[in-house]
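Got chain A; can you put chain B on it based on the hints?
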Amino acid sequence: MGFMIWRMIPVAKHWLENGPKGTSKEWLNVSFLIAAVVLFVTFLIVVVRG
Amino acid sequence: MQNTNTITRSAESILSTNRVLRNTYALLAATLLFSAVMAAVSMAIAPPRGMAMIATFGGIGVLMFLLPRFENSGTGIGIVFLGTGLLGFGIGPMLSAYAALPNGPSIIATAMGGTGVIFLALSGYVLTTKKSFDFMGGMLMVGLIVVFGAAIINIFAQIPALSIVVSAAIVLLMSGFILFDTGRIINGGETNYIRATTSMFINIFNLFTSLLHLLGIMSDD
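Just so you know, the sequences run in chain order A and B. Going by the working numbering, the first residue of the first sequence is number 1, and it counts up by one from there. Going by the working numbering, the first residue of the second sequence is number 1001, and it counts up by one from there.
Bound conformation, chain A alone:
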């Protein structure tokens, strides 16, 4: 895992420096999708707890 982190640091640095920047609308869109995943996982937990 430590080795994987060491390998990922330059990739993360590259994406942060050279990757495209999202608009606030794009990030809001992603937030809604992630919120939907959170709600779904919460539903699964409720189902499993019976």
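These are calculated hints, taken from the structure and not from any lab test. Hints are not guaranteed to be accurate.
[Stated by the list, open to error] DSSO-like mimics (lysine-lysine), calculated; alpha carbons at most 30 Å apart, straight line:
1. A:13 / B:1130
2. A:25 / B:1130
3. A:21 / B:1131
4. A:13 / B:1131
5. B:1130 / A:21
6. A:25 / B:1131
7. A:13 / A:25
[What the hints assert, rightly or not] Short derived list, chain A residues pointing at chain B, Cβ under 7 Å:
8. 5
9. 8
10. 11
11. 12
12. 22
13. 37
14. 44
15. 48
All figures in this text were calculated on a predicted structure; none of them were measured in a lab. Beta carbons are placed, not taken as given, at the ideal position from N, Cα and C, and that holds for glycine.
Structure of chain B alone, referenced to chain A:
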């Protein structure tokens, strides 16, 4: 003339993207099935935990170090099956441990179904809207480094709450990676279907194991 060239190039680009997408999903389905068969074999023969751990690290090693050398040739397909098969074999004992719980088979089935729904819904969203999620790349990589760091700390600290937080964070990060990777295939950012399949397989594999862990802890069993 220039317009004709543009139209031709654009049509070629769309055809190429569709080919990558079709090949990726076909290979992904095959590797998921093979990995599930290997997990079932591992559950049936019940190997020692050490052997399962060696299989898991072997799978990671094959996909991280061996695959990049062969990803542009037909041999790459065999190597993807080798890596994903080893990963499937590696989770056998973990699945056996969950299956032994009173509510175990139901937890495994829920985690499997939940993983399928999340993957299909997020991939379907990107395929329908054709949006690019490249802007998430930096955040996802940093998130992964932070989560891996927390997981390493928890190997020594053994804090149950941190274990839940790490699993929940991996579920969210892998959901983000499904959006990111599908967007890259759709928009021509990823043209190698062997590499695309490996990324998607790892996303689904991590999503399933983390969701299983989360549901296992939350089920009170």
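Here is what the structure says about each hint:
1. A:13 / B:1130: 26 Å, holds
2. A:25 / B:1130: 16 Å, holds
3. A:21 / B:1131: Holds, at about 14 Å.
4. A:13 / B:1131: Roughly 24 Å separates the two Cα atoms, so the pair holds.
5. B:1130 / A:21: Roughly 18 Å between the alpha carbons, so the hint for residue 1130 of chain B and residue 21 of chain A holds.
6. A:25 / B:1131: Distance of about 12 Å is within 30 Å: holds.
7. A:13 / A:25: Roughly 24 Å between the alpha carbons, so the hint for residue 13 of chain A and residue 25 of chain A holds.
8. 5: Since chain B brings a Cβ to about 5 Å from residue 5 of chain A, closer than 7 Å, the hint holds.
9. 8: 5 Å, holds
10. 11: Since chain B brings a Cβ to about 6 Å from residue 11 of chain A, closer than 7 Å, the hint holds.
11. 12: 3 Å, holds
12. 22: 3 Å, holds
13. 37: 5 Å, holds
14. 44: 5 Å, holds
15. 48: 5 Å, holds
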